[in-house]
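**Q** Sequence:
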Amino acid sequence: MPGTVRRWNYPPPLCIAQCGGIQGEMEGMILSPGFPGNYPSNSDCTWRIYLAVGYGAHVQFLNFSTEANHDFLEIRNGPLDTSTVIGRFSGQDVPPSLLTTSHETTVYFHSDHSQNRPGFRFEYQAYELNECLDPEPFRYGAVVGAGYNVGQSIAFECLPGYQLMGHSILTCEHGTTRNWDHPFPRCEVPCGGNITSDNGTIFSPGYPEEYPSSADCTWLITVATGLGVRLNFTLLQVHGPHDFITVWDGPQVTARKLGVFMEGEPNEPASSTSNQILVRFRSNTEKGGLFQITYQGMYSINSITTSSLFISLWVMALLWKVWESLPYIWLL
Numbered sequence: 004m005p006g007t008v009r010r011w012n013y014p015p016p017l018c019i020a021q022c023g024g025i026q027g028e029m030e031g032m033i034l035s036p037g038f039p040g041n042y043p044s045n046s047d048c049t050w051r052i053y054l055a056v057g058y059g060a061h062v063q064f065l066n067f068s069t070e071a072n073h074d075f076l077e078i079r080n081g082p083l084d085t086s087t088v089i090g091r092f093s094g095q096d097v098p099p100s101l102l103t104t105s106h107e108t109t110v111y112f113h114s115d116h117s118q119n120r121p122g123f124r125f126e127y128q129a130y131e132l133n134e135c136l137d138p139e140p141f142r143y144g145a146v147v148g149a150g151y152n153v154g155q156s157i158a159f160e161c162l163p164g165y166q167l168m169g170h171s172i173l174t175c176e177h178g179t180t181r182n183w184d185h186p187f188p189r190c191e192v193p194c195g196g197n198i199t200s201d202n203g204t205i206f207s208p209g210y211p212e213e214y215p216s217s218a219d220c221t222w223l224i225t226v227a228t229g230l231g232v233r234l235n236f237t238l239l240q241v242h243g244p245h246d247f248i249t250v251w252d253g254p255q256v257t258a259r260k261l262g263v264f265m266e267g268e269p270n271e272p273a274s275s276t277s278n279q280i281l282v283r284f285r286s287n288t289e290k291g292g293l294f295q296i297t298y299q300g301m302y303s304i305n306s307i308t309t310s311s312l313f314i315s316l317w318v319m320a321l322l323w324k325v326w327e328s329l330p331y332i333w334l335l
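Under my numbering, the first residue of the sequence shown carries the number 4, and numbering increases by one thereafter.
Since the hints were derived computationally from the structure, they do not count as laboratory data. Glycine included, each C-beta is placed from N, C-alpha and C at the ideal position.
FRET-style restraints, in silico, Cβ to Cβ:
1. G209 - N152: 30 to 38 angstroms
2. R91 - S44: 15 to 23 angstroms
3. R91 - Q128: 16 to 24 angstroms
4. L167 - N202: 18 to 26 angstroms
5. T237 - V88: 57 to 65 angstroms
Start from the sequences, fold in the hints, and give me the full structure.
**A** As structure tokens, this is what we get:
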């Protein structure tokens, strides 16, 4: 300012380490409040480090001095106050460096009412995390999703006629060594079950491998009301008379039997008169085989109710009377 003695118009500013904050850079430094002076009493400070997905934070301590057992620093592996604590430090010893395994890290500092110390200073630097392992070859199904990084998920779907054994969705977990949160599932042919789709395929257990001995599998197929079920034996290598397939026209074995099917016998399509059909496969021999049955819900004469037939006949009679009442047109 103007005058005989030169002076600044304001006192020199001070750079003071803050209590908490957001760190969004791929590298940086965090200081205790007031560093290098003593931190204040009754402090509760939270810093959050946000890195790009697929990176963790490599933390290296440069200074550390707190009141032992009362004032402490916590490093949490995640963005929440409830995230896993991977380091809790107090006293005079400089902590070892550590690696977070999440792209989000929480740093929490607490001090009580007495014995304030210089606190801490540490720097962090982003490091690239490994991806989860590629899924194993997924037989008889498909893998949906191509992201194998932390927090990303992939889904597994089986081909028609196969059943998924295990979890259908896997997520890549946080960790220095990446792991999926569940084992890889597999697709298997179930030995029986309740089927409610209007068309599909039934395979022998273990297909395309040979079925085991002493198998006893029952499938109940239910299609939409008003439809019948038509079975076609597209592959039948069932070695009778000890291995065979029995089909009933209904949901129970007390229903009318539509046939017993095995290799070497004429195997015409089997059709039900209702929307349910029961299929049972039994094997007793040591020699295995294969079968494949396709089914489809179809309209049949048995699915036409008396009322619908009466309405159809009534409409036809009405149309005939209208036709008779029309004047004749003579063509000359």
